[in-house]
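Order-wise, the sequence lines are chains A and B. Be aware that the first sequence starts at 28, since it is given in my numbering, and climbs by one per residue. Be aware that the second sequence starts at 7, since it is given in my numbering, and climbs by one per residue.
Watch out, some of these pointers could steer you wrong.
[To be verified] Derived DSS-like pairs (lysine-lysine); straight-line CA-CA distance at most 25 Å:
| # | chain 1 | residue 1 | chain 2 | residue 2 |
| --- | --- | --- | --- | --- |
| 1 | B | LYS81 | B | LYS525 |
| 2 | B | LYS563 | A | LYS95 |
| 3 | B | LYS81 | A | LYS114 |
| 4 | B | LYS563 | B | LYS259 |
| 5 | B | LYS33 | B | LYS511 |
| 6 | A | LYS68 | B | LYS563 |
[As the list claims (entries may be wrong)] Computed, partial: chain B to chain A, Cβ under 7 Å:
| # | residue |
| --- | --- |
| 7 | MET190 |
| 8 | ARG263 |
| 9 | TYR265 |
| 10 | LEU359 |
| 11 | TRP392 |
| 12 | TRP396 |
| 13 | PHE405 |
| 14 | ASP408 |
| 15 | ALA471 |
[Stated by the list, open to error] Have a look at the derived ranges for each label pair, beta carbon to beta carbon:
| # | chain 1 | residue 1 | chain 2 | residue 2 | range |
| --- | --- | --- | --- | --- | --- |
| 16 | B | PRO48 | A | ASP112 | 35 to 43 Å |
| 17 | A | LEU133 | B | THR202 | 55 to 63 Å |
| 18 | A | ASP112 | B | GLY352 | 42 to 50 Å |
| 19 | B | GLY352 | A | VAL76 | 26 to 34 Å |
| 20 | B | THR512 | A | GLY179 | 28 to 36 Å |
| 21 | B | PRO185 | A | THR147 | 47 to 55 Å |
| 22 | B | TRP447 | A | ASP75 | 43 to 51 Å |
| 23 | A | GLU59 | B | ASN395 | 46 to 54 Å |
| 24 | B | GLU397 | A | ASP112 | 18 to 26 Å |
| 25 | B | GLU137 | A | GLU220 | 51 to 59 Å |
| 26 | B | ASN395 | A | GLU220 | 15 to 23 Å |
| 27 | A | PRO72 | B | ARG463 | 37 to 45 Å |
| 28 | B | PRO100 | A | PRO218 | 26 to 34 Å |
| 29 | B | PRO48 | A | LYS136 | 57 to 65 Å |
Derived by calculation from the structure, the hints in this document are not laboratory data. In this text, all values refer to a predicted model and were calculated from it rather than measured experimentally. Even glycine gets a Cβ: it sits at the ideal position worked out from N, Cα and C.
Given next are the chains, with one letter for each unit.
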Amino acid sequence: MERRDALKLLAGAAMLPLLSRDTLAFFREVHEQLPATSALKTLNPHQDVTITTIAELIIPQTNTPGAKAARVNEFIDLILTEWYDEKERGRFLAGLADVDSRSQTLFGKNFVECPEKQQTEILRELDEELTISRPVGAFDSRPRRRTAPPEGNFFFMMKQLTLVGYYTSEIGFEQELHEEIIPPRHAGCVPIEDESNGR
Amino acid sequence: MASQTYDAIVIGSGITGGWAAKELSEKGLRTLVLEAGRPINPDTDYVEHVPVWEKRFRGMGDRWRETETQAVQQKCSAFDEWCGKFFVNDKENPYTTDPDKPFLWIRGRQVGGRSIMWGRQSYRWSDLDFEANQSEGIATDWPIRYKDIAPWYEYVEDFIGVSGQPEGLPQLPDGKFLPPMEMMCAELAVKDAIATQFAGERLMTIGRAAILTRPHRGRAPCHYCGPCQRGCITRSYFSSLNSTLPAARATGKVTVRPYSVAHSLIFDSKTQKASGVRVIDGETRQALEFRGRIIFLCASTLESTRILLNSATPEFPNGLANSSGELGHNLMDHTMGGGATGHIPGNEDRITLGHRPNGIYVPRFRNVKTKDARFVRGYGYQGGGWRQNWEHGADLAGFGADFKRRLSRPGPWMFTFYGFGECLPNHNNYIELDQARVDAWGIPILKIHCAWGDNERLLLKDMPAAAAEMLAAAGAHDIEPFIEDNAPGLTIHEMGTARMGRDPKTSVLNEHNQAHDVKNLFVTDGSCMASSACVNPSLTYMALTARACDHAVGSMKRGEL
């Protein structure tokens, strides 16, 4: 069936009872083409492997794939290249370099060369600093889509980008959140029944 | 210069233009619809099912391109990486304001206009609204009352399909509703608490939305994918593209002409009528003229008045149909952004399925049964419940497998009330042509002078406190009241500038949206409004349009036009 023909079906009231979820799924065939993966534009190989490692520590592979499988590093490179301004980019890359400084000071080697236990120790330190520096009552009841990263905090930016990059990937959306673009049904208030969180 | 003659010309193809096209063509008139923007093909232009991972910036938007070309438009809450294309390019469509009086003008130029991205909330006015100007001695009296428009509300609701719950409130009359959408768990809790603790004063109902909850007139019910502003391939919400324009086209009497930027109206001083429309072709920049026996201006509040201001003649040196001097004046927009958010305890094991494209509504309760000493008129709340999700994750401490597990589960139930308040008509809020500058089509741009008054500020100030009271009644914790400082325009309920009234000396349009000065000219979009009420205005624009079409065609048949 051509999409155009399906549209004609939708237009006819007589066909409405036949409007099944499968028919609706047919309309997901509207796709937007993104260019195939291209080379990283901002991150050098060392920065890339550091970012990939940190992202996977934030969202690791469990019984579902993690940030690395979702190629969060490529998303972060895109944001650094085409979305952040120079100041934000500078802050992020300085914060990234600081991760190596910390691991050198603590363990005498670069972050990616440390065993996971030591890497986790460094991230815990960064996360605790973030908890302290986060302003109390900053919760925005009506979150804006695009908020500039808070002043200077590398780990907040890193965490935010990792979460966006992961949960908006096909892997994060479908395998982790069990989200569907066209939900099976609508109900206002029902018990959570299974691991798909009722979605 | 080509010239063609039609029975009727409708300028604009959005919410009111679509209605005028349908009504006039169904009554037998050969009708031309002039639309400034591009045609829309739902098959390829609707993008509501495009997955977020197919968007380059994953929903964060193309920041620098938007900053460059849509600096104003991107402030609209419906604007996103998918549907930004339905909003205008601000560089092609400039306007100016006073430096200390920002106004945000959110626009859509395409077949369907802003009806593609509108909020779909559909509420009737009551006589509390229609009588307010007269009883308080503010501005001018409405020339109509609820009884005049009630049958037209019903007529419009019956065609577009409005889902909602009848409540029997005098200040918010019930409509002809399709079944209401369901409330979420946190909403049910808040609704019950309000019913118990504010009985007789306040009430919470599900939003009355122009979204189908069952099959209706050949259109399919909502499938709860969520982002209506990106289009709807099942035509489940009302837009002119989904509803009125197909009906108009089915008559075989309608021509929709995209890329037709209305420049001005042609006035015939012999007949004292508008004889046609000067148009700039949006693609070729060629100047064209179209002739019509009657003209319906449905280009949106500010655009319709801009066209009239740009149609000055020796008889009307300050703008066509402006013998009153009120054309351009009394610009209003609802004051929005006072409210409160809180955590609603309980229901941790329950969830909402699907993405309901609708919220809740608390109808106006100030100055309804008792008079408030602080301000006149009132406000209503929209808003609703939700469960926090991963988007909140960067604010949470932690990382790793436990953190990931936590983010995949629904977070606490939250609830937000968000207020929308009435705006009083004020002669000093006005628009004029800025003759020094033109838009991309060579048409003089608008200079907008608009600022909130004391009454709007007092309404806004009352919103957080009254919202927090209701959340407290529901046992909410971590209640956070808020007040946003939004410039006028951002609510996108701009109205006034060509008000209806009984007296030609103080108003532009009569009780049938007909220009006092130019009998074959009708203005039926938001510019006709003599006051603003506090409810979303589009349903009223639609009802007024259908009513005006009935009057116009009746007058033509009686040989009066």
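Evaluation of the provided hints:
1. LYS81/B / LYS525/B: violated, 39 Å
2. LYS563/B / LYS95/A: Between LYS563/B and LYS95/A the Cα gap is close to 72 Å, so the pair fails against 25 Å, i.e. violated.
3. LYS81/B / LYS114/A: holds, 23 Å
4. LYS563/B / LYS259/B: holds, 18 Å
5. LYS33/B / LYS511/B: Violated: LYS33/B and LYS511/B sit about 32 Å apart, past 25 Å.
6. LYS68/A / LYS563/B: Roughly 69 Å separates the two Cα atoms, so the pair is violated.
7. MET190: It holds, given that the least Cβ distance between MET190/B and chain A is near 5 Å, below 7 Å.
8. ARG263: Hint on ARG263/B: violated, closest Cβ of chain A at ~24 Å, above 7 Å.
9. TYR265: Result: violated, 24 Å to nearest chain A Cβ.
10. LEU359: holds, 4 Å
11. TRP392: violated, 11 Å
12. TRP396: With a minimum Cβ separation of about 5 Å from chain A (threshold 7 Å), the hint on TRP396/B holds.
13. PHE405: OK, holds: PHE405/B within 7 Å of chain A, min 4 Å.
14. ASP408: violated, 10 Å
15. ALA471: Given a least distance of 15 Å, the restraint on ALA471/B is violated.
16. PRO48/B / ASP112/A: 35 to 43 Å: holds, 37 Å
17. LEU133/A / THR202/B: 55 to 63 Å: At 58 Å between Cβs, range holds.
18. ASP112/A / GLY352/B: 42 to 50 Å: holds, 43 Å
19. GLY352/B / VAL76/A: 26 to 34 Å: violated, 46 Å
20. THR512/B / GLY179/A: 28 to 36 Å: Since the Cβ atoms of THR512/B and GLY179/A sit about 58 Å apart, the hinted range of 28 to 36 Å is violated.
21. PRO185/B / THR147/A: 47 to 55 Å: Hint holds: Cβ distance 53 Å, inside 47 to 55 Å.
22. TRP447/B / ASP75/A: 43 to 51 Å: At 48 Å between Cβs, range holds.
23. GLU59/A / ASN395/B: 46 to 54 Å: Once the Cβ atoms are compared, 24 Å apart, the range 46 to 54 Å for ASN395/B and GLU59/A is violated.
24. GLU397/B / ASP112/A: 18 to 26 Å: holds, 22 Å
25. GLU137/B / GLU220/A: 51 to 59 Å: holds, 52 Å
26. ASN395/B / GLU220/A: 15 to 23 Å: holds, 18 Å
27. PRO72/A / ARG463/B: 37 to 45 Å: Hint violated: Cβ distance 57 Å, outside 37 to 45 Å.
28. PRO100/B / PRO218/A: 26 to 34 Å: Hint violated: Cβ distance 54 Å, outside 26 to 34 Å.
29. PRO48/B / LYS136/A: 57 to 65 Å: Holds, since PRO48/B and LYS136/A (Cβ atoms, about 58 Å apart) stay within the stated range.
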